[in-house]
Amino acid sequence: MSLAGWKGMDDMTMIIEMDQVQKYYQKGKVTIKALNDTTLSILEGDVLGLVGESGSGKSTFGKLLIGLEHPTGGEILYEGNPLWKKSKYVRRKPGELQTVFQDPQSSLDPRMTIKEIILEPLYALSKNERKQKGSYDHLIKLIKRVGLKEEYLDRYPHEFSGGQRQRIAIARALITEPSFIILDEPTSALDVSVQAQVLNLLKEIKEERGLTYLFISHNMSVIKYMCSKVAVLYKGNIVEMGETEELFNNPQHPYTEILLSSLPSLIEENEQKMKGFAETAQSKTENSCIFYEKCPKRTEKCLVGPELELRGKDHMVACHY
Amino acid sequence: PSDDKGDGTETADGQGGEKEILTVAMTADQGTLDPAVTMDNSAWKITYPAYERLVEYDGESTEVKPGVAKDWNVSDDGKKWTFTLNEGHKFSDGTELNAEAVKASFERTLAIENGPAEVYSVISEINVESDYVVSFELGENFPPFLSTLAANYGGIVNPKVLEHEKDGDLGQNYLATNTMGSGSYELTEWKQGEYIKLSINKEAKVQPSIPEVYFRIVADGATQRMQLEKGEIDIAEGIPTEQIESVKSMEQVELLQKPSLLVDYVYVNSSKGNEALKNPKVRQALSYGIDYESMINVVHQGYATPMRGPVPDGLWGHNPASFQYELDINKAKSLLEEAGAKDLTLTLLYSDNKTWWETEALTIQANLKEIGVDVKLNKVAYATSREMMEKGEFDLSLGVWSPDFGDPYMFMNYWYDSENLGLAGNRAFYQNEEVDKLLRQAATSNDQEEREALYYEIQDIVIEEAPYILLFQKDFVLPVSHSVKGFVYNPMLEGIYNLAEMTKQ
Amino acid sequence: MLEIKNLHVNFQTFRGTIEALKNINLTVDEKEVVGIVGESGSGKSITALSILNLLEKNADIIDGEISYRGENLLTLSKKEIQTIRGKKIAMVFQEPMTALHPTMKVGEQLSEVIRRHRVVSKKEAKQLMINALKDVHIHNPEYVAKQYPFELSGGMRQRIVIALAMAAPPDLLIADEPTTALDVTIQHEILQLMKELNEKKGTSILFITHDLGVVSEVCDRTIVMYAGEVIESGVTKEVLYAPQHPYTKALIEALPDGKDANEPLKAIHGEVPNLMERPAGCAFASRCQHVMEVCKMKQPHLTHWQNQHDVACWLERDG
Amino acid sequence: MEVQTQTEVQQAPFVKRSALLYKLKKNKLTMVGAVILGVIILAALFAPLLTPYNPNVIDAANKFQGPSWAHWFGTDEVGRDIFTRILYGARLSLGLAIVAIVIAAIVGLMIGTVSGYFGGYIDQIIMRTMDMILAFPTLILAMALAAALGPSIQNAMIAIAFVKIPVYVRLARSETLSLRESLFVKSAQTFGIHPFRIIRKHIMPNSVSPVIIQGTLDVGDAILLIATLGFLGLGAQPPAPEWGAMISIGWKYLLDFWWYPTFPCLFLFLSAGALNLMGDGIRDVLDPRSSR
Amino acid sequence: MTKMIFKRLLLLVFVVFGVTLITFILSNIIPGDPASMMAGQRANQETLEQVREQLGLDQPILTQYANYMQGLLTGDLGTSIRTQKPVLDDLIIFFPATLELAILAFFIAIIIGIPLGILAAVKKNTFWDHASRIFTISGISTPVFWSGLLVIFIFYGVLGWFPANGRIEMQVNPPTHVTGLYLLDSLLSGDWVAFQSSLRHILLPAIVLSFAQLAIITRQVRASMLEVLEKEYFRTAIANGINGPYLLIKYGLRNALIPTITVIGVSFGALLGGAVVTETVFGWPGMGKYVVDSIAYLDFPAMMGFTVFISIGYVLINLIVDLSYYVLNPQIKE
Ligand SMILES: Nc1ncnc2c1ncn2[C@@H]1O[C@H](COP(=O)(O)OP(=O)(O)OP(=O)(O)O)[C@@H](O)[C@H]1O
Ligand SMILES: Nc1ncnc2c1ncn2[C@@H]1O[C@H](COP(=O)(O)OP(=O)(O)OP(=O)(O)O)[C@@H](O)[C@H]1O
Ligand SMILES: [Mg+2]
Ligand SMILES: [Mg+2]
Ligand code: NI
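Chains as they are written, first to last, in our numbering: chain C, 56 to 376; chain L, 10 to 514; chain X, 35 to 353; chain Y, 19 to 310; chain V, 1082 to 1415.
Simulated from the structure, these hints should not be mistaken for laboratory data.
C-beta: ideal position from N, C-alpha, C; glycine also.
Just to be clear, a hint being listed does not mean it is correct.
To be verified - Mimicking BS3-like on lysine-lysine, the simulated pairs with C-alpha atoms at most 25 Å apart in a straight line are: (1) Lys84(C) x Lys56(X); (2) Lys139(X) x Lys88(C); (3) Lys139(X) x Lys84(C); (4) Lys206(L) x Lys494(L).
Unchecked claim - Residues of chain X clear of chain Y, computed beta-carbon distances all greater than 12 Å: (5) Arg49; (6) Leu60; (7) Glu90; (8) Ile115; (9) Met131; (10) Thr132; (11) Thr137; (12) Asp169; (13) Lys283; (14) His324.
Said to hold, decoys possible - Computed far set for chain Y versus chain C, every beta-carbon distance over 10 Å: (15) Ala166; (16) Pro223; (17) Leu304.
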């Protein structure tokens, strides 16, 4: 496989490079391939959107980057250095890489107040930095920006609504002023207004400080709005990736097409337009295309899986058609 | 099996009422039962009726009477003892008890080299004169020898014990949990931690009337009391004196009370302890400082007898005319002053080995405070206290003493001879050359009258010198059911039952 | 079928009393799908939880009535309400990870709930459980049934929570943001499933979401909540395409759909009022673009505007 | 965001602490427990004012007196006033036991969380060592300690704390094993927080509940242990008044002089109960969910 | 999992080795000379020397230890100084009695303690909660000698329902020896009389012994249950119509069990060696008394043998406890 298209821009530094990364879960005799031979890179300043079916390995992808799971195979480089050395995670400079977890409730310590929770990541930093970033003004400003209020600071997580907890998690990720943030469905629990607020905030910060995001979401409009590049995952495999514009306007993979068409939107009434999966499922074989089972366009040829290949500028697709 | 109807009183392990069974409650299980090994008085209650000895204590007295031996004589120099045996004594397996068996038994004891061997270390040779005549050659004159033969370790063991020998242990392992004697009873069942059962030895010369005797282990005194009241047990050994009052009120129970030879005393460390204690005046002052009367009341609810000299009442050699210290605070104070012992602080060592020691220690502390002596209590684990006694690391220490055989030697020579410093007996670390000389003289004479006179003389000296505070002779108190008859208490055989002569109604 | 009248819920905290719900009135009719939308923290989940009497311990229902088919749920005994839970009224919880028993296999959890509500043997329950998993588009249901929640992705857990709630199937399904973690294709399938349930089995659905797209897809009627109050309600089409309350309007404008990526989204400026000290007038007044004097003084009540469309706003409107 | 140098935000804000106090006060049962314990402690402190007797002076003439106006709880086998001895004994028994258990619980909590959190060799070594401590007969350990450190009350306390540690280690560890897998701990790890801070801030507060419960239950046991050690010469030497010793000497007299063991038992029960109430209360207060 | 069990069993050797070594050293620190205990009340210097030599106490301590370990490898625990019998024989006699008592006591404690704990949690701060608190606290804070004696007084002395002492009626033959546990053995051999008799004997001591454990179990279950009752998934279960015992046990107790099982494991081991007082009060022929006597006597071989037994017991029990963690919370990794 060639990465030519993605490596093309020499003038930009690569934050993440993944080469043939796999993550398998072994359970008894069954192996779950949560992530299969994934190769991609994230450039500094990119906002890479990760979309895909539920259970397709998006969160796993993020977990590998922050050291919560170690890869079964392959190599991940962070700014040119391997992230994993012999299944030991090499921590980057503290506070540089932050995450917003998909599951905000359980990622908040139930016995800490919101203030303690938000300030917690600072304890990985030097004392000086902690003083600066943990100053009261700074904190207040931050929580206001994510739409929280000062009086919430002394409350405990269980006293909040789902959306409020999500915002706490976001504030916590932002407090160290990281350069790379993994956002796992950061706005799924937010109402549109707060979502707008948070998305604006993320965008602003990115602009201000040239941040890089890995943005996991299933909301295509949000992806379209936020991301510069998009990768589509299906059952642990990247089936398509490219610049956002290009991908949205010219989806090549049948799964991407279905994804884009099933977007419920109240702007266009698009019920009828929606493209569906194949009427009948066909069980796939060892070598077949990963999407063979449900692909509306499958043919004989698809019984031998396609490779990810370059189609047009920076646009890669794994499909024979 | 008893009936299990659960209808109340009789369902509990009730065999107390039954005629054929005597049940004795004892507080602890036994260790080894091998007469050649055990030095533990409490084991004797099992072994004593299971074995016979050449001579036996006579009824309630500490003198001996013929046992297996029908008569005996001693050479003039006291070094050769010759015994003529009764015929017809048989071990439980039918083997005859003859001179060979006696020789084998004592030689076994000596070979095992344990505590009992030490008692018999004077024996240099044992000879079989004829089938029923056996003689002992002693290394030196040892008048109490006869007395030692009546003790438990004089029990004659079936020579067949060697059939049970393992790894050259001379059958020790087997005899630890079995009996092989010619006594009226033999051990037929031992449930560790629960009970020991004796049944009649069919071969025994004297056939007793109670077919089965159970020694049950009931550690808790209060439980024994309840069981006694319900008639579940016939004899309760473990009821502490504080609870005795309540037993008195039980109708079906008789309370035996006799002075025992168990002496309770305080060792005053006369050479290794506090400097001041080296002065006899200080020691006398301490003896004057104790309120003996109230001590007996507080510690034993009155079930004890004041002492008169170191040899207790009931043993020959006891001198009823001896001087006994009594509480005299002024005298004590002036003695202390004379000795120049001001602000004296002494440690009092004791352990939890005897339940009443705590009270005793507290009382002594309070008593001596009155005469201006500060007593620091030092309670330690029993094993530790033994080590400290051996090394003399104390000022005062509580202790009890009881004789193994019926001779004042047990008290006088052990307590006062400077050869026996430490655990061996002279626990006051008392050294007096004259006393040593007299003691040794008394120990080698075969003339009992002469010996008694010598012991009287020595007693006067040591009472004056006061290396021990002689507190009291504990009474032997035993609740026995009215249904049990014929029990005779011998002070030398405390805790041992003359089962062969006892009956039950 | 379900009627909430005048519901007030307070939370006692040591800082003071939080008035989380104030004067909530809403109805769900037989076979109806009602959507609740509103800002995060506006009391949507609290409303749902009060229906099943599952509020946190520090909550007080100080006033109001929740009647289900004529029975007031708030006065039922513990036993009586338990016969309603799951069987008559079921609920999909907002946060799927914490809503599942962490140390029990998901299949087991699901079969047990099925057995609670249908008279079936263990074996049948297992089959039903597999089918239910298939219904919510879990690939390889036999396998997933044997997994623990922590081994599943967020979306999978959420679908299991949905399957749990639909096990009975209930007469009324309260779905609290049931599709937040689902990708669009599966979301679509799940919504279809719910619609089917609604159409075939006549299950009414109270659908809590903030995704206006979803609302437009499935809901017959929509209720908009703000700061613990209902501020607008009506037929979905009307509410979404002809919103009357400034807050509803602002919500719709905040959507990123089709927005230019270079332009900031139109978030509503300002913040939700402190629920401990509610303002005297309209709760939205401080953020409203059309604020008037009266808004700050007096609270507007939900008043009928036109065919089933109610609004709580002082603004003049035609019709 | 621009950075301002400002005073750092306080980690344990005043509000939080006063909230705890508030909750403690609102928890009636805790207050009941605190009052009972407080009364016992005050009575112990002011014992000389409350009773005319000396706890150690014996009065043989008055032994085994039943409860009366002169002797509220009767007298013991050498005529000392039991009420007086209970009051004076509280200083020793209750004080020592509580301190020993607090030490054991804190040390156990620390070791257990560290062991559970790091796992691997550290865990194996620590846990096998704990197995060893557990397997020792307490008596041997106490006797040896007495010999090695010399007999004193402090050493008795150390001995008790020492033998009690493994329980807390195991308890804390068992909770830690689960907590270690929880997302909030994992997220703290991703921040790069130092493991000891994670243990201190996230693991400990969340695993402390069973430790507190066990601790409040252990105090009674510790009081009796002190007595056992006393008998072996380690710890308080007679005639120092001490509850455990009073009970274990007095129990033999239960049938005849019931008051002797019963009143010390009653006080043991009261203190254990009060501590337990407080323990439950503290557990409640530490749990942010139980806001009332 | 198997690998882990195997590893732990290997470590068992290490633990036993460590425990024996430390016991050995400690018991040598303790002042007191076993020879002086054995040689009789009034042993003189000479006899002491002799006995010391006999016991091998005159050798350097490390040699003594090496000898001991050598014996241990062949299953020889040495000969008790006090009882003069092989330690292994003694322990085999006393161990089953203690084990039986401990197991039954635990059974009782668990059967009563767990439901009581759940009840107290569910009915927090109500009459039931307070009643269970008073009951359990009085259980743990009344020393066994006090409660034991009282129980004997009432049930034996006054009512006469149960025997006061022993393991089985003296006239009843103990059941055929299989496990050494009378209750089990008599059931196995169908010996109804022996079963009844031993049940009547064991009941009182087991109940008294269970008091302390009962309190711990109840309080721990209550505390952990309170935590679980607040969890979201518990609420979900209720909302889904789960109720009754199934809810409380499968959803509640199961997740509240880890700390409870932990204390059970620790105290079960402690019980095996620590039931001394109960055994004394009820004249139960178990190991506790044997050990305390041995310690008082400085009977090294007996102390060591006991320690070996107990440490093996501890390691095995705690191994089971540790394994239960993985079952109770599958998320815990090895
Ligand atoms: N236990 C509690 N104690 C105190 N306040 C609480 C508690 N639970 C919820 N609240 C408050 O009640 C308000 C309403 O919460 P609710 O969960 O209903 O919001 P929601 O509309 O569901 O929001 P979201 O869309 O974010 O889930 C919030 O402001 C929240 O902070
Ligand atoms: N600890 C684990 N053990 C076994 N399988 C796991 C584990 N964690 C995740 N998986 C499996 O890995 C796959 C990918 O999970 P992941 O959480 O990455 O999905 P996702 O793309 O984030 O989905 P969603 O959008 O639903 O959150 C799933 O099939 C899941 O079952
Ligand atoms: Mg995910
Ligand atoms: Mg909500
Ligand atoms: Ni290529």
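Cross-check of the supplied hints:
The suggested pairing of Lys84(C) with Lys56(X) is violated, with an alpha-carbon distance near 55 Å, which exceeds 25 Å. A threshold of 25 Å between alpha carbons decides the hint, and for Lys139(X) with Lys88(C) the separation of about 20 Å falls inside it, so the pair holds. The suggested pairing of Lys139(X) with Lys84(C) holds, with an alpha-carbon distance near 18 Å, which does not exceed 25 Å. A hinted pair counts as satisfied when its Cα atoms are at most 25 Å apart, and Lys206(L) with Lys494(L) qualifies at roughly 20 Å.
Taking the minimum C-beta to C-beta distance to chain Y, about 8 Å, the non-interface status of Arg49(X) is violated against the 12 Å cut. No beta-carbon of chain Y is positioned within 12 Å of the beta-carbon of Leu60(X); the least distance is around 28 Å. The beta carbon of Glu90(X) is not kept farther than 12 Å from every beta carbon of chain Y, the shortest such distance being approximately 7 Å. Here Ile115(X) stays apart from chain Y, with its beta-carbon at least about 22 Å from theirs, past the 12 Å limit.
For Met131(X), the shortest C-beta to C-beta distance to chain Y comes to about 8 Å, within the 12 Å cut-off, and the non-interface label is violated. Remark: the non-interface label on Thr132(X) conflicts with the geometry, its nearest Cβ contact in chain Y lying 10 Å away (cut-off 12 Å). Listed as outside the interface, Thr137(X) is inconsistent with that label: its C-beta sits roughly 9 Å from the nearest C-beta of chain Y, within the 12 Å cut-off. At roughly 28 Å, the least C-beta separation between Asp169(X) and chain Y is larger than 12 Å, which holds for a residue marked as non-interface.
Taking the minimum C-beta to C-beta distance to chain Y, about 31 Å, the non-interface status of Lys283(X) holds against the 12 Å cut. His324(X), annotated as away from the interface, keeps every beta carbon of chain Y farther than 12 Å; the closest lies near 33 Å. Residue-level check passed: Ala166(Y) sits 41 Å from the nearest beta carbon of chain C, beyond 10 Å. Its closest Cβ contact with chain C, about 5 Å, brings Pro223(Y) to no more than 10 Å, contrary to its assignment away from the interface.
Under the 10 Å C-beta cut-off, the non-interface status given to Leu304(Y) relative to chain C is violated; the minimum distance is some 7 Å.
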